[in-house]
Each structure stands twice: as structure tokens, then as C-alpha cells.
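Student: Here the protein sequences line up with chains A and B, keeping their order.
Residue 1 is where the first sequence starts when you use my numbering, and the numbers rise one by one after that.
Residue 1 is where the second sequence starts when you use my numbering, and the numbers rise one by one after that.
Careful, some of the hints might be misleading.
Here are a few chain A residues that face chain B, going by a calculated C-beta distance under 8 angstroms [stated by the list, open to error]: (1) Tyr-51; (2) Arg-55; (3) Ile-262; (4) His-400; (5) Arg-687; (6) Asp-688; (7) Val-695.
Treat the hints as calculated values from the structure; they're not laboratory data.
A virtual CB, placed ideally from N, CA and C, is assigned to each residue, including glycine.
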Amino acid sequence: MHPLNSKLFRDLRSIKGQVIAVALVMACGLAVLIMARSLVRSLEVTRGEYYRENRFAEVFADLERAPNALRARLAELPGVSALDTRVRGALILDLPGIREPADGVIYSVPDDRPQQLNLLRLRQGRLPALGANTEVVVGEAFAAAHGFGPGHEIEATIYGARERLRIVGVALSPEFVYEARPGDALPDHRRFGVFWMNERRLASALGLDGAFNNVVIDVAPGADAREVMARLDELLEPYGGQIAFDRGEQASARQLSDEITILRDSSVAFVAIFLGIAAFMTSAALTRLIRLQREQIAQLKAFGYGSLAVGAHYFKFALVIVALGSLLGTALGLSMGRAVTVVYRRFFLFPELDFHPDWTGVLVGCLIATAFCLLGVSGAVWQAVKLHPAEAMRPEPPAHFRRSPIERLGLHRLASPTMRMALRNLERKPWQSFFTVLGLALATAIPIVPGAMRDGIAYLMDFQWSQAQRQDATVSFIEPGSASAWSAVDNLPGVLAAEIFRGVPTRLQHGHLERRVTVMGLPRNARLNRLLDARGRAVGMPADGLLLSAKLAEVLRLRPGDPIRVEVQEGNRPVLDTVLAGTITDFSGVGAYMDIDALRRLMREGGTISGAHLMLDHARHDDFLAAVKKSPRIGALLLTASARESFAETTAEVMGTVQAIYLAFAVVVAFGVVYNGARIALSERTRDLATLRVVGFHPRDVAAVLVGELVVLTAIAIPFGLYLGGRLARLVIELSSTETVRLPLVLDARSYATAVLVVLVSSALSFAVVSRRLHNLNMLSVLNARD
Amino acid sequence: MSKDAFPSSPAPDTRPAHRERLFHARGISKIYSGEVEVRALDGVDLELFRGELVVLLGASGSGKSTLLNILGGLDVPTEGTLHYRDEDLTHADAGALTDFRREVVGFIFQFYNLIPSLTARENVALITELAEAPMEPDEALRLVDLADRMDHFPSQMSGGQQQRVAIARAIAKRPEVLLCDEPTGALDINTGITVLEAIEQVNRDLGTLVIIITHNASIADMADRVIHLRDGRITEIHENAVRLPVRSLSW
């Protein structure tokens with residue numbers, strides 16, 4: 001090995017603690033990048049293969065009823081390369097051993113032709129046999145949640161008729177990668193499932209003999225999906241067709257692409273911050289090393305090593321650190337990615353979700369880290385390069401100090417000499433102090449993010465299920481009903497109060513922006529299901545105009561008072577030009593609301609209702625559930641307590657992991673920054689500290705001088721870090737906020753206190769490690785050496 | 001050098017019979033065991049008295065720094081016994097040695113070892129804060145003729161001025177022992193003379209035991225006793241009949 005390289009490795013060994021600290025901080029940044037990029041790749045590759053192999057449709061449309069003969073005409077539409085017509089309905093399940101009913105959707109599989117699109121991937125058993133009436137295939141997640149498999153039988157109510165269904169297969173569908181009840185933010189595989197049944201049998205059960213109510217289409221390569229959708233809308237209109245939509249609005253596909261977007265966006269900020277801090281740490285360590293090695297550099301130059309060779313030698317320090325950081329970061333990123341993939345498997349139902357490392361991402365990440373690091377140390381290396389041999393042979397001129405501005409104000413009388421040492425040292429190295437503060441501030445900021453998420457979730461749950469939705473249960477009818485439907489609900493056992501609603505599928509338009517949304521007609525003075533503003537105050541339902549979720553108003557770029565067009569997709573398809581009366585706050589899904597009477601006038605109907613929110617007598621809860629299971633009209637039941645519990649369970653699982661990762665990162669940064677800073681301070685002031693030891697300061701007094709600096713830096717860093725943490729939490733929450741789910745930003749004292757504690761404890765530990773060196777300080781060799 | 005009177009203290013009686021013994025070393029050795037065993041100090045017997053000015057002379061490696069370090073409580077002997085008054089320093093732990101240095105010893109080094117981030121006054125104050133009945137920092141600095149440099153940082157002073165700050169720092173706590181390790185080693189002769197004058201004045205006016213180590217034999221003439229060291233042993237102890245004033249020294 002070249003002697004210079006031997007020197008490199010021995011020098012690195014002498015600062016190995018710092019090398020490891022820097023490499024770890026760098027590794028955190030790289031790990032986030034590599035994890036996120038690899039997860040994006042894993043999801044995209046898996047999604048691409050699955051969608052292709054199982055022929056996931058590109059255009060979807062629901063309608064009331066169209067004869068099967070229409071299928072041929074649909075298939076001839078220009079731009080349609082494949083098409084399936086299906087029957088789709090809701091079912092309520094009465095499961096043994098579970099008091100409350102589960103519900104689900106059921107789709108037809110053709111029994112007279114091969115399935116064209118959204119092909120089922122059978123995991124167990126088989127498809128329903130030709131002509132078999134009660135055979136169903138069940139979605140894998142639901143089956144797994146209940147331990148169902150081929151051979152099991154379940155009781156269900158389909159369109160009012162009680163059926164005994166025999167499970168013959170367990171399957172996955174590209175249509176239900178994310179299998180959540182429509183409108184729910186998170187999946188609840190115990191209470192919601194997807195089923196498939198023979199087409200003729202299902203059509204007959206739903207009163208749709210010889211007809212279909214759902215179309216899925218694959219668009220020919222090169223054709224414009226929007227044109228296909230427009231033609232489809234035209235063709236289906238006479239059959240009660242609702243506006244066709246593409247994958248962008250298909251619930252499962254959308255959830256998946258939202259997740260990919262979040263992964264892609266949210267990693268960038270973290271990576272830049274971590275790599276920036278790591279670059280600074282390397283720079284500080286190398287600057288100190290080069291200062292210590294002035295004479296060695298001079299000798300190298302005197303012996304004839306050129307500036308290039310000297311520069312390259314010191315750049316190699318950075319490269320070794322980058323190499324170590326890259327190695328650690330890659331290993332950490334890949335293993336974190338693998339761990340998250342396991343979590344994803346519970347949420348995203350693919351036949352196989354394998355982890356696909358994004359090696360391009362790894363390479364790009366390592367290159368970025370290298371660039372950050374080389375840029376960071378270039379100043380220090382330049383110092384070595386430009387050092388004149390003759391000058392370098394002399395000891396470095398004594399350090400210049402002056403009174404700090406604070407002292408010039410006369411406040412110095414308040415500070416002890418040791419504190420003054422600390423203040424002046426900091427002032428003399430403003431950049432080093434600045435970056436140390438930044439690093440500590442970042443370490444303070446990081447734990448605030450999971451704290452804010454946890455509090456956001458708690459707030460969301462309280463807001464959603466204690467403040468806004470105060471009903472115990474919500475029932476929806478299979479199809480809208482009138483007075484008799486109302487009495488059916490009101491007469492259910494245990495119902496103390498009921499609040500009706502009417503939901504109408506619509507297209508909302510503002511300029512060129514549009515969204516398919518169900519407009520909910522609600523009574524004026526709702527007491528159970530309330531609409532609230534951001535502060536949790538009830539928003540009164542206006543007699544005219546619409547109330548929208550703030551998120552939906554944002555998506556449609558609407559402000560209160562702006563005109564909005566409501567195109568109803570049901571009945572006579574009336575069109576209403578109205579205004580946005582106001583916005584409401586909600587956190588899951590988006591909604592549009594109007595006065596139920598106004599909606600009924602628009603629909604030219606009397607007392608039609610789609611369902612009701614109910615307050616229940618808890619003593620008669622079981623009777624109520626039993627009655628719902630048997631009720632022929634009820635298509636879905638949502639129990640507030642169950643929804644809340646399921647949400648809490650699911651988020652708790654994920655939050656545990658998220659919190660652990662954030663905490664580990666904060667500790668690494670705090671520990672690393674403090675360790676690096678304290679080691680440099682120790683090295684720079686060895687002589688001062690040795691002097692103090694000689695003249696009679698105990699090690700703890702000497703440590704106090706170093707602590708003084710740290711205390712000053714930490715005192716500046718913490719408030720800054722708390723502010724930064726708030727901004728970071730806002731950024732992360734905003735980046736991960738989608739139309740499906742979004743968290744409120746809740747920053748409370750506990751998050752801040754945790755953050756401060758994390759930083760103080762890691763700093764103290766890190767400092768304790770460094771200060772052990774003070775005990776081993778060789779006072780004599782230091783004092784008798786020249787600077 | 002300021003001729004202001006030092007705080008009055010009774011002139012010490014340096015007659016042998018009445019001398020107050022401060023250090024009492026019996027057969028002390030210092031052995032550094034590594035790959036090669038080094039006997040830096042080899043069976044030294046020595047008594048040092050209050051008010052004395054002692055010069056330790058010897059070449060590099062003669063053991064003079066090792067002896068000074070042991071006397072100053074920076075190190076302990078491997079063999080033999082060392083007492084300061086009645087206190088046994090031979091077996092003192094690190095904490096006790098720190099207290100000993102804090103209460104008893106003032107140090108002056110060749111390279112000053114001032115804290116660069118503190119002004120002259122603050123460098124002195126750093127020490128007076130530890131002491132029980134110290135001088136005011138300003139007073140100590142006046143004694144070394146630095147009244148007009150009190151608010152200067154080390155980088156703003158010459159080598160001689162820095163060394164005088166170091167002396168002020170060492171004497172401000174009124175130590176009983178002042179240990180000077182090559183105090184003029186980094187200075188030119190004129191500056192060296194002013195520094196030695198300050199040290200001599202401390203010895204004379206405060207009755208401080210002063211031990212100077214040097215390889216500069218010319219300095220020996222200002223001492224009461226000159227101790228010659230070679231290979232870790234005392235080869236000769238010479239008593240000067242008359243101490244020469246520092247002004248008359250030259251090298």
C-alpha cells in the first residue's frame with residue numbers, strides 16, 4: 001500500500017468515532033432515500049405486472065340497468081379493446097360468533113363466456129361451477145381474517161333475500177388491491193369483504209335478469225380514454241348510467257398511486273437535510289485534522305508531493321467516510337424497505353409483493369452523498385492545498401479572540417470565565433456553531449413528527465367519532481326508499497333516535513375541474529351526524545348552496561361564494577347551478593352536503609331516504625344487530641365504535657414502526673452531531689483543558705467548559721428545533737395528505753417535551769462518552785508541546 | 001518590573017536550622033514501563049524549604065521535568081516516599097493531587113499555556129476563583145507590570161507579556177510553591193530577564209518556594225541552591241554563597 005494510504009487509514013482510525021458518527025448520519029439520509037425509492041419500485045413493478053397479467057380495466061362505469069344485448073354495442077365503441085359487463089350488488093353477512101354483521105360487495109363472474117377484464121387470481125379452490133347457485137369466491141383478506149376457505153358456508157342477505165353461500169374459492173382481484181369499504185380510509189378486513197358469484201344467479205338475486213349494472217373497459221393502445229368515457233356516458237345515459245371514471249378515481253388504484261406519490265415526495269426533504277448535516281460534520285472533522293497536520297503537510301510538500309497529491313489525499317478521507325455511510329445507508333435502507341414491505345402486504349393485496357431494491361436509486365443516492373460530502377470538505381482540502389510549505393513548518397499563529405457582542409453590551413459580568421471561554425469559542429467559529437445548532441435543531445425537530453402524527457390521529461378520532469359523527473350506527477338501504485323504509489329503520493329494536501340522509505351520485509363541476517361525488521342531503525339541525533369547521537364548531541346547513549370538504553374545495557379550486565354546477569347521475573339527471581356556501585373539516589374521504597329538502601326538491605321527490613344515522617339503546621344493542629342482519633332493506637351497517645376501534649388498531653400498528661424509525665434517526669443525529677462537535681472542541685482545546693487540569697481544576701470542572709459550549713448551542717438549537725419540528729411535521733403531514741385520508745396538524749406540549757428530552761438525553765450520553773477522554777488527557781505532553 | 005511592595009509578609013528565616021521544610025523526598029524513582037523500561041528518576045533524596053529559590057539543572061532526559069512533575073502533583077513516584085509538610089503525596093489519588101495543585105502550587109510553563117479565549121485579567125481570574133484567599137486579578141497583573149494590558153487577549157501580547165500573565169496567574173492565589181518549567185525557554189534575553197525578575201520578586205516578597213528547571217546554567221547564579229541532575233539521579237547540590245541579582249545575569 002502506498003505510504004500515504006497507510007497514513008490515511010491510520011489517521012482515520014484515530015478519529016474513528018467521528019467517522020462512525022458521520023457515516024451514521026449519512027446512512028440515515030441515504031436509508032430513507034433508498035427505502036423510499038425501492039418501495040416505489042417494488043409497488044410499481046408489482047402493480048404493473050399484476051395489472052397487466054390480470055388485465056385490470058382502465059375505464060369503469062356504474063348504471064342502473066341495461067340489457068345484456070347492449071354489450072355488443074359497447075364493445076364496438078371506438079377505442080375499446082376489451083370489455084366486461086357485470087352485475088354488482090351489496091350484501092350483509094351474518095357470521096357465526098360475531099355479533100355485528102359484516103358487509104361487502106359482490107360481483108358477477110360470467111358463466112357463459114370467459115372473463116375479459118379484472119381477472120381473478122385464485123389462491124385456493126376454484127371459480128363457481130357452471131349453474132351452481134350458491135357458490136361464491138371470497139376475497140383473500142376477508143377469508144384470512146375469518147379463517148374461511150373452500151367448503152365453508154356463510155349466511156348472507158343479498159337484496160333482501162337470505163342466502164346460504166358456499167365458499168368454493170379464495171381469490172385476489174386487481175380491482176381490490178386496497179380493499180376498503182367505499183369511503184373508509186383504512187381497510188377493515190374483518191368487517192368488509194369482496195365476493196364473486198355466477199352472473200346469472202347474482203343478476204337474478206338482484207332483480208337484474210338478463211341485464212347488467214356495471215361496465216369495465218380496457219382502452220385500445222393509442223386511444224384516448226377520455227373520448228371512450230364520453231362515448232360510454234352517452235351510450236349509458238338512457239340506462240341510468242353514472243359518469244364513467246378511470247383508474248385515477250378507482251378507489252383501490254387511487255390509494256395505491258397516492259401511496260407511491262407520498263413515498264416519492266416525502267423522502268426528498270429528509271435526504272437533503274441528513275446529507276447536508278453529514279457533509280458539514282465531515283468538513284468540520286477534516287478541517288480540524290488538516291490543522292493538526294500542518295507540519296505533516298509541509299513536510300509532504302517539501303519532499304515533493306504536489307498540491308494535487310495532497311488534495312487527493314485529504315479528499316480520500318471524505319471518500320472513505322462516504323463509502324462507509326453508503327454501505328451502512330444501503331444496508332439500512334434495504335432492510336427498512338423489506339420491513340415496510342411486510343407492512344404493505346397487509347394493506348395492499350397483491351399475489352406477491354416482493355421487495356425490489358432500486359439499484360439505480362442506490363447509485364444515485366450514493367453519488368448525491370458523495371457530491372454533498374466532497375462539496376462540504378472542499379474548503380478544508382483547499383486549506384491544505386494552498387498551505388505554503390515554509391509557512392506550514394511554523395506553528396499556526398495564535399488564535400484571535402475578541403469580546404463577543406453580548407459582552408460589549410456589558411452583560412459579560414454575568415458570565416463566569418469558563419462560560420466566557422465557551423461564548424468566545426462559539427463566536428470565533430460561527431459556521432461551525434451554526435451547523436452544530438442546525439444539527440441539534442434537526443435532531444430536536446425529528447421526534448416532533450411522529451408525535452404530531454400520533455396526536456393528529458388521536459385528534460382525528462376524537463373529531464370524527466366524538467364530535468362529528470355522534471351516531472352509534474349508520475344504516476344504508478339497498479336502494480333509496482320512502483316512508484316505509486323510514487319506518488323500517490325507526491322500528492328496529494333499540495333505536496332511540498334516527499337522522500335520515502339522502503345520498504345522490506353527482507358530478508361537481510367548477511370550470512374545467514370536476515369530481516364524482518355523492519352529495520349527501522342532511523337535515524338542517526343535525527344532532528348526530530354533524531358537519532364541523534376546523535375548530536370543531538358545528539356548521540349550519542344553508543338553505544341553498546353546497547357545503548364541501550375543505551379538501552374537495554381545494555381540489556376544485558373553489559372559495560365560498562364561487563359558482564358550482566351539480567350534475568345528478570340518477571333519476572332524471574337534473575342539473576343545479578348553485579354556489580359553494582362554505583367548507584367543512586373532515587379527515588377521511590371528501591364529501592359534499594346540502595339541505596335534504598333542497599336536494600329532494602332538485603330530485604323532484606318526496607320523502608326519499610338513502611339511510612339513517614342512529615342513536616342506539618346500548619342495552620338492546622344485540623337485538624338491534626340481530627334485526628339488521630335479517631332486515632331485507634339494509635345494504636350496509638356501519639358501527640361507529642367498530643370503525644373507531646379498527647382505525648385505532650390499524651394506525652397503532654403502523655405508528656409504532658414510524659415512531660421507532662423517527663426516534664432512532666433523532667438519536668443518531670443528536671448523538672452524532674454532539675459527539676463530532678465535542679471531539680473537535682476537545683481536540684482544539686486540549687491545551688486549554690490540560691492547563692485547567694494542571695492548575696487545579698477537577699475533570700468535572702474542565703468538562704464544564706466543554707459543556708458550557710454545548711449548553712449554549714443546545715439552548716439556541718432547541719427553540720429553533722421546536723419551530724423547525726412544527727414546520728417539518730406540517731410538511732410531512734401535507735405531503736401525505738390525500739383525498740382519501742389526511743391528518744390534522746396537532747402540535748402539543750407532549751411532542752415538544754419528548755423532542756427536547758430525546759435531544760438532551762442523546763447529547764448528554766454523547767458528551768459523557770467524549771468527556772471520558774478528559775480523564776485520560778495527558779496533561780504533561782500537551783503542555784510541553786508547541787502549538 | 002514594578003517596584004511596588006508586595007503584600008507584606010514576614011521575611012522568611014532561611015537559616016538552615018530554622019528553615020521550614022516543605023518537601024521531603026526519600027528515594028523516589030519514576031519508572032515508565034513500556035516496551036522498554038525507562039528509569040526517568042532513580043532514587044532521589046531531597047528536601048526543599050520555604051522561601052528558597054532552587055534551580056534544577058540538567059540536560060534533556062536528566063529527569064528534571066519528571067522531578068518537577070512529581071513535586072507539582074502532576075505525577076506520583078513509582079518508588080520511594082514524598083511528603084509535602086505532613087501530607088503523603090506518594091499515594092495520593094487523582095482528586096487529592098488536583099486539590100494539592102489547586103491549593104499549594106503555581107505553575108509557569110515554557111509555552112505560557114494561557115487560555116487564548118480569555119483576556120489577561122480573565123486568565124488570572126480563572127485561577128483566583130479556585131483559591132481561598134487570592135489576590136485580586138488586577139493586583140497580580142500590576143505586580144508583573146501589566147496594568148495596561150489587563151483586557152488584552154493572548155494573541156494581542158508579546159511572548160514576554162504572555163509569560164508575565166502566566167506568572168500573575170500562578171502567583172495570584174498566593175501559592176506556597178511556584179514551579180517554573182523553562183520559563184525563559186521561548187524568550188529572548190531581555191524579555192527573559194524581566195520574567196526572571198518577576199519570579200525573583202515573588203520569591204523574595206512572598207516567601208514562596210520557587211523551583212526553576214532549566215538547561216541554561218547562567219540562571220543558576222540567581223538561586224539559593226542549584227541541583228544538578230543526570231540520568232535521573234542528583235549528581236550535585238551546590239549552595240550559592242550569594243544570590244546574584246537577575247539584572248546581572250546574561251546568556
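Student: Mind checking the CB of Arg-687(A) against every CB in chain B and telling me if the closest is under 8 angstroms?
Tutor: Holds, because the Cβ-Cβ distance from Arg-687(A) to chain B comes to roughly 6 angstroms (cut-off 8 angstroms).
Student: Under 8 angstroms, Cβ to Cβ, is where Asp-688(A) needs to be relative to chain B, so tell me if that hint holds or is violated.
Tutor: holds (5 angstroms)
Student: How about Ile-262(A): closest beta carbon in chain B under 8 angstroms, or not?
Tutor: violated (49 angstroms)
Student: Have a go at the Tyr-51(A) hint: is there a Cβ in chain B nearer than 8 angstroms to its own Cβ?
Tutor: Where the cut-off is 8 angstroms and the nearest Cβ of chain B is about 66 angstroms from Tyr-51(A), the hint is violated.
Student: Double-check His-400(A) for me: the hint is only fine if its C-beta lies closer than 8 angstroms to a C-beta in chain B.
Tutor: This hint holds: His-400(A) lies near chain B, its Cβ roughly 5 angstroms from the closest one there, short of 8 angstroms.
Student: Do the numbers back the hint for Arg-55(A), that is, is its least Cβ distance to chain B under 8 angstroms?
Tutor: violated (74 angstroms)
Student: Against chain B, run the beta carbon of Val-695(A) and see if the smallest gap drops under 8 angstroms.
Tutor: Result: holds, 6 angstroms to nearest chain B Cβ.
The structure does not agree with the numbered hints 1, 2, 3 stated previously, though it agrees with the rest.
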